[in-house]
Amino acid sequence: MWSLIAPISSLLSGVALLLLGNGLLNTLLTLRGVAEGYSTTMLGLIMSGYFVGFLLGTWLATPLVRRIGHIRAFACCAALAAIAALLHLLLIDPWVWLLLRVLYGLALVTLYMVIESWLNAQAPNEKRGQVFAVYMAVNLGALALAQQLLHLADPVQFTLFAIAAILISAALMPITLTRQAQPALPESPPTNLRHLWQIAPLAIIAAGLSGLAMGGFWGMAPVYASLAGFDTSGVGLLMTATILGGALLQWPIGIYSDRHDRRQVLLWVVLLAVVLALVMSLLPAGTLLLGAIFIWGGLAFAIYPIAVAQLIDQLRSDEILSGSASLLMVNGIGSVCGPLLAGVLMEQLGASALPLYFASTLGLLAAYAFYRLRHVSDLVSGDAAHFVPMLRTSPTVLELMPDAPPQDHEAAEEPSPNAS
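By this note's numbering, the letter at position 157 of the sequence shown is numbered 157, and the numbering carries on one by one without gaps.
The hints are simulated quantities; they were obtained by calculation from the structure and are not laboratory data. Keep in mind the model is a prediction, meaning the values are calculated, not measured. Any given hint might turn out to be false.
Simulated restraints on C-beta separations [to be verified]:
id	residue 1	residue 2	range
1	T176	L282	47 to 55 Å
2	E347	R179	45 to 53 Å
3	L288	Q198	39 to 47 Å
4	R194	L99	28 to 36 Å
5	G286	L193	42 to 50 Å
6	V96	L373	43 to 51 Å
7	L91	A133	36 to 44 Å
8	C76	E36	28 to 36 Å
9	L56	E347	20 to 28 Å
Even glycine gets a Cβ: it sits at the ideal position worked out from N, Cα and C.
Sequences are here, hints too, so could you generate the full structure?
Below, the structure written as structure tokens:
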């Protein structure tokens with residue numbers, strides 16, 4: 001294992017520091033917004049801004065990296081992300097925060113793209129699955145640990161914003177000091193949603209509704225926890241419990257889905273998530289709620305990876321990258337809408353509206369999965385895919401997936417400072 005990790009240790013260190021800062025800032029902003037008296041609708045809009053920027057960045061990041069190179073693009077966007085983190089504290093205005101979240105999301109997807117393109121270049125084709133698993137474990141572990149940093153200070157103070165900016169800036173050190181040769185950035189895989197809908201409509205619906213649910217979670221769960229009665233430490237504990245559930249329970253769910261009809265597995269996972277969400281809406285703040293959201297996280301985090309595996313089941317090997325990129329875009333669009341929709345409902349119904357929102361969105365997915373299972377036979381094209389636990393990052397990570405076709409990455413020289 002060390003022989004696999006050692007060559008990419010600087011990249012993994014960089015992403016761990018980046019995710020520590022990002023995970024802290026995302027939760028911190030919602031808590032500070034509550035303290036400032038922002039409505040849940042406004043908070044939902046602000047948190048949607050991050051996903052808008054993230055989605056825009058999937059198209060804008062590649063030209064930037066090609067123009068100025070990996071290291072300079074990483075340094076530029078890390079500086080932008082750190083500046084945005086601090087400006088949230090210096091310019092306390094919801095509309096300014098919305099703009100900052102868009103810029104921050106654009107910067108984050110570029111940072112992901114730089115790291116993931118380097119990982120793609122360093123991972124031998126026969127080891128891609130292992131590198132992908134290690135990378136996702138670092139992502140989830142850093143996000144879970146970041147929530148515990150909320151213990152260090154009060155959200156209304158300067159300290160936590162400074163820590164988030166420091167961690168994001170610290171991610172520069174292992175990346176800019178790396179001796180790895182700059183890889184050539186591959187062409188972005190094309191997307192064709194109409195063709196994909198004809199082949200695998202269940203995967204598209206699952207990706208979109210999963211984005212709605214998980215966008216609502218990432219954007220509004222800290223607000224939900226605060227309104228439900230948790231203090232700042234409790235909010236961090238609730239977020240950590242959900243992320244750890246997502247990290248730990250994806251593996252057994254994924255193994256089971258590889259051995260059984262994936263549509264049936266998806267249906268049962270979604271139905272159980274709906275039931276747990278309904279239970280969560282009735283539970284007060286406390287240990288039972290933390291236990292329920294731990295299991296819910298394991299189920300909800302597994303939905304998008306199951307959708308990806310379901311899609312790959314029905315694609316030829318030469319269609320996997322473009323199909324996965326299309327699914328990622330659908331998931332991103334759902335993530336944009338999720339926080340705003342959840343925020344509007346929470347303003348009308350209170351804290352319990354968030355788990356009811358989860359139940360509603362995933363209930364629609366359960367109904368469609370049941371229809372497909374009863375009335376349509378999905379065809380598997382070639383060998384069945386392998387489930388891989390994953391988070392939504394940049395499209396570049398798709399090439400690391402073990403089922404993706406091998407790619408050739410040749411090292412390229414960093415452009416000169418005067419490159420145009």
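We went through each hint and held it up to the structure:
1. T176 - L282: 47 to 55 Å: Holds - the Cβ-Cβ distance for T176 and L282, about 50 Å, lies within 47 to 55 Å.
2. E347 - R179: 45 to 53 Å: Because 52 Å falls inside the window, the suggested range holds.
3. L288 - Q198: 39 to 47 Å: 45 Å, holds
4. R194 - L99: 28 to 36 Å: At roughly 34 Å between Cβ atoms, L99 and R194 fall inside 28 to 36 Å, so the hint holds.
5. G286 - L193: 42 to 50 Å: 43 Å, holds
6. V96 - L373: 43 to 51 Å: 48 Å, holds
7. L91 - A133: 36 to 44 Å: 40 Å, holds
8. C76 - E36: 28 to 36 Å: 30 Å, holds
9. L56 - E347: 20 to 28 Å: 27 Å, holds
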